[in-house]
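Asker: For reference, the chains in residue letters:
There are 2 protein chains.
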Amino acid sequence: MADENKADKLSTLGEFAFIDTISARLDGSADVLLGIGDDCAATTIPAGEVLLTSKDLLIEDVHFKRQWCSMSELGHKSAAVNLSDIAAMGGKPRHCFLGLGLPPQCRVDEVDAFIAAFIATMSAAGCQLAGGDTCASRAGLLISVTVHGSGVASRLCRRDGAAVGDDIYVSGTIGDSAVALYLLQHEQAVPPHLLRRHHRPEARLALGAQLAGVASAMIDVSDGLCADLGHILRRSRLGAEIDSSLVPLSQPLRAWLEQHPEQRQLALNGGEDYELLFTAAPAARAAVQQAAATAHTPISRIGTTTATPGLTILTAAGVSRRDNPTGFNHFAR
Amino acid sequence: MADENKADKLSTLGEFAFIDTISARLDGSADVLLGIGDDCAATTIPAGEVLLTSKDLLIEDVHFKRQWCSMSELGHKSAAVNLSDIAAMGGKPRHCFLGLGLPPQCRVDEVDAFIAAFIATMSAAGCQLAGGDTCASRAGLLISVTVHGSGVASRLCRRDGAAVGDDIYVSGTIGDSAVALYLLQHEQAVPPHLLRRHHRPEARLALGAQLAGVASAMIDVSDGLCADLGHILRRSRLGAEIDSSLVPLSQPLRAWLEQHPEQRQLALNGGEDYELLFTAAPAARAAVQQAAATAHTPISRIGTTTATPGLTILTAAGVSRRDNPTGFNHFAR
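Chains as they are written, first to last, in the numbering used here: chain A, 1 to 333; chain B, 1 to 333.
Treat the hints as calculated values from the structure; they're not laboratory data. In this text the structure is predicted, and so the values were computed from the model without any measurement. Hints may be right or wrong, so weigh each one.
Chain copies aren't distinguished; within one or between two, either way the pair holds.
To be verified - In silico SDA-like pairs for lysine to any residue, Cα to Cα no more than 25 Å straight-line:
id : residue 1 : residue 2
1  : LYS65     : PRO103
2  : LYS65     : ALA139
3  : LYS65     : HIS193
4  : LYS65     : LEU268
5  : LYS65     : ALA281
6  : LYS65     : GLY48
7  : LYS65     : PRO104
8  : LYS65     : ASP133
Work out the full structure: start from the sequences and follow the hints.
Answerer: Set out below in structure tokens:
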């Protein structure tokens, strides 16, 4: 029968049959009273906690290229980058909503692969798909994700909480994803570790939850280490000094940089690491180390906040200063 | 200065300056602890109520055409159609999130007009803009709205609550918007009332709130009267009979239909009315009338639910039956 043919076009399957295939993948969750299939979803969050909401638009040929990744990788990444925003507040993911604008020639098996991976990554984080919107797109694949989490208001890790003299930390390693993107854009071979870090980022949820009430400010590294530190500094009205030799790089990235030393700044400026960048008072060093150990997540201390505005970067070549470490301008051409 | 030039391109203004102009428009709200400018928004809903969430994607040349409406009308409509989903649950709007994919050639004054109208319509409904996402689009204007509301779980008006023998009601008038769209598509003059109903729909929030705990099932009319009734019937596992002579039509629409009697079915089948379609037990007739009077919203009783599946429509020409009153297939070409 036509509806058994996984290579079918969505235009044959139809919108409501398609939504039924999504609903069939879901297990249900006690805090989703009403999920897919009504005008709104009805959900709850734990008493005494506040609702955290993040929303992201991912647009084909702006945020991703279909020829560089599988639909499964894209489904995973669409989930992970939104979960990362919950991690960056020190929150716990709860429910999510998926909006898809689908080109009519999109095959059912492709969309199935996307949705299966999206739901798997969200479910592994305890985050239930509770609704969304599907429609046709004449302009490539459009992905719109809204994720809900929760946390205790007094323990949230905001961007504006850093104080003068706080330590600056970052989790994991930095730069793998940006170098992978650079190599994809230049049609060069990409070392497998870097490619995996670009296509399959992991939200640092365990670390984020452990840092709630410990970190003075936190953000996830999506625009690039310097740019995202710039967001914390701007909101906290501070400056910072970081030592670039302390910025953690993976062994495969270090090996690649030995061959391409002129690309070293990609690690500091390239985005999409989805590591956590946070500040904490020097008095909290033991608590920070305990949080990282409990979360089984490596962290590195890379600098200090200062009362003087601007970002000072110590490098082997000397000192570089940026008065306005702004992020990627998404509207620049 | 360049940033005072309202006809500037967004690519000149930059993403962060643009977000600052949005933040400057907001008044703040006690239940938005943390709004625009962090990884997540942090918000609350009243104790004892559940969170209602609706999410909609609006895509240029799929859902709207820029040459048919102003950016201000588009901003209003993007807000209203999402508020309508909260109304259809009997809920109260609380906060909202706006994702915008903006073509780089988009002018600042155009986006300003959109956002001013979006915020004005949301604010008038008590709904505070609390976050979102802005990015470049290479494929026309993309609008992604997430709206949060709240309501008491036991009083929500779901789609699946209708019982056999319930009365079927619809608010306001039906068909104005669909006929306006038909005339726009055929490049014909559109009577002003119909055009206004197409570009400036009003979410029936007061009526929806009054019907919480009174209506047995409710939906807003976005896909068309028959299709949306079909959603209630499918979820409630029922059929229905409606009398097409009881379907409320505006005076301007009746005047137009006298000249174009062959288009009468547009009223029943065309979408985007954003009226409330609901069922209620015959024993609740007085309560329904009281709800409508309190909300100052006209309603019409147009039929009855039946145990026999399918939709029977009584017309002047006789009886028509639809076994499967499915909605618009958004993936059909």
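Asker: Using 25 Å as the alpha carbon limit, work out where LYS65 and PRO103 are close: within a copy, between copies, both or neither.
Answerer: both (14 Å within a copy, 18 Å between copies)
Asker: With identical chains treated as interchangeable, where does the CA-CA distance between LYS65 and PRO104 reach 25 Å or less: within a copy, between copies, both, or neither?
Answerer: Both: 18 Å inside a chain and 19 Å across chains, each within 25 Å.
Asker: Measure nothing new, just compare the shortest in-copy and cross-copy C-alpha distances for LYS65 and ASP133 to 25 Å and report within, between, both or neither.
Answerer: both (22 Å within a copy, 20 Å between copies)
Asker: Under a CA distance limit of 25 Å, which applies to LYS65 and ALA139: within one copy, between copies, both, or neither?
Answerer: The answer is both: 13 Å in one copy and 14 Å across copies each meet 25 Å.
Asker: State whether the alpha carbon distance between LYS65 and LEU268 is at most 25 Å within one copy, between copies, both, or neither.
Answerer: Only inside one copy: LYS65 and LEU268 sit 24 Å apart there, 42 Å across copies, limit 25 Å.
Asker: Given identical chains, is LYS65 near ALA281, meaning Cα to Cα at most 25 Å, within a copy, between copies, both, or neither?
Answerer: neither (41 Å within a copy, 53 Å between copies)
Asker: With identical chains, the pair LYS65 and HIS193 could be close in the same copy or across copies; at 25 Å between alpha carbons, which is it: within, between, both, or neither?
Answerer: within (19 Å within a copy, 44 Å between copies)
Asker: Tell me, please, which holds for LYS65 and GLY48 at an alpha-carbon limit of 25 Å: within, between, both or neither?
Answerer: neither (42 Å within a copy, 45 Å between copies)
Consistency note: the structure conflicts with the earlier hints numbered 5 and 6.
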